[in-house]
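S.K.: The residues making up each chain are set out below.
Protein chains: 2
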Amino acid sequence: MSRNQMGLLLVVSGPAGVGKGTINAALLERHEDMRMSVSATTRAPRPGEIDGVHYFFKTEEAFERMIAAGDFLEYTRVFDMNYYGTPKSFVLDEMEAGRSVILEIDVEGGMNVKRSFPDAVLIFIAPPSMSQLKERLIGRRTETPEQIERRFQTAFLEVERAKAYDYVVINNVLDVAVSRVEQILQAERCRCLRNQAFLNQLTGGKQL
Amino acid sequence: MSRNQMGLLLVVSGPAGVGKGTINAALLERHEDMRMSVSATTRAPRPGEIDGVHYFFKTEEAFERMIAAGDFLEYTRVFDMNYYGTPKSFVLDEMEAGRSVILEIDVEGGMNVKRSFPDAVLIFIAPPSMSQLKERLIGRRTETPEQIERRFQTAFLEVERAKAYDYVVINNVLDVAVSRVEQILQAERCRCLRNQAFLNQLTGGKQL
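Chains as they are written, first to last, in our numbering: chain A, 1 to 208; chain B, 1 to 208.
Zero decoy hints are in this set.
Label pairs and their in silico Cβ distance ranges: (1) B:Ala68 with A:Glu108: 46 to 54 Å; (2) B:Ala164 with A:Ser89: 28 to 36 Å; (3) A:Glu32 with B:Arg43: 51 to 59 Å; (4) B:Ser129 with A:Ala164: 37 to 45 Å; (5) A:Gly52 with B:Glu108: 51 to 59 Å.
Treat the hints as calculated values from the structure; they're not laboratory data. For each residue, glycine too, the CB sits at the ideal point set by N, CA and C.
The shape of chain A in the complex, shown without the other chains (with noise of 0.2 Å):
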């Protein structure tokens, strides 16, 4: 299959509140060749999660053997000492099937990624504003206000290392934002990086 037929790896990161959820939920929704990355975890399902569907569950120790095998594209421990990782066989299977597959992960995350699979796109969603973004954190009414505001500065930290990005799409109205991320898997299959076998295949028949 020649590089791109290939799915693309897109990293979708932003602040909590600004609205990267649904923006990906629409993307799933519009495209049958789209897939969202299962992660893996040492936390514990919790009521209906289901082995595969939301998480690979695993204990440590079969975690920390995928991680000396080099099987995750990024991982990190949390405060709670749990891991949570992308598993590199499930998005590696899928673009090579043909499928893009999306990563909700954080800034951090998102430029680890970068660094073992410099293919990959990765997309900062902003709000219009910090102030637009602390309305909505309040609006949704899931979380205490010590909560609200530990998310709140954690997105300024975010903001600040998401200038190393590769793009950014404000999420002021849902359809445009949505239309900004397509837009952009768009342009970036039309890389010439993405298209090396095309142009040789091109220039190989020169008998034409």
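Keeping the supplied structure of chain A fixed, place chain B upon it in accordance with the hints.
M.R.: Frame of chain A, contents of chain B only:
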């Protein structure tokens, strides 16, 4: 004016007969905020050509003074000893007024533009196949068989060099090719590199 409101510099290249002129005409018709760059040349005006519209007509002395002053984004001297070049001032003025500028030049010129202006977006228009390109060259009946053969040989060199371009758009169906160029422009407007001012402004108002 923040950087994302500036126009883009778009270099459109491709072999003779690939349809780049048609694509550019469609872009200009659809987008009021796009302009075609006007080249400077030392060749004599042909009947009907207007100075400042079709070309900026210059004497050899005037052209060489502009070279010495660094007034060109790129220039070349062709086999008949006439100079052709892209004056910087026209392009930069339009971009600063928020308009995107299209440069229809060959791949060598495009690479020269990229060196002096790394923000330029380089798009190569490719035929679906070289045999289809040859059919189009023959079909337009504007060249002698010898000219067709020479242009066809040049086309191979152009495709070879285009591997270092940013994007390749295959001109199979005109409307699809025009849309691809539009998507590339939209995606480029979302590049983090072009939106540092917005990202700075977002975190700058931390007291919110």
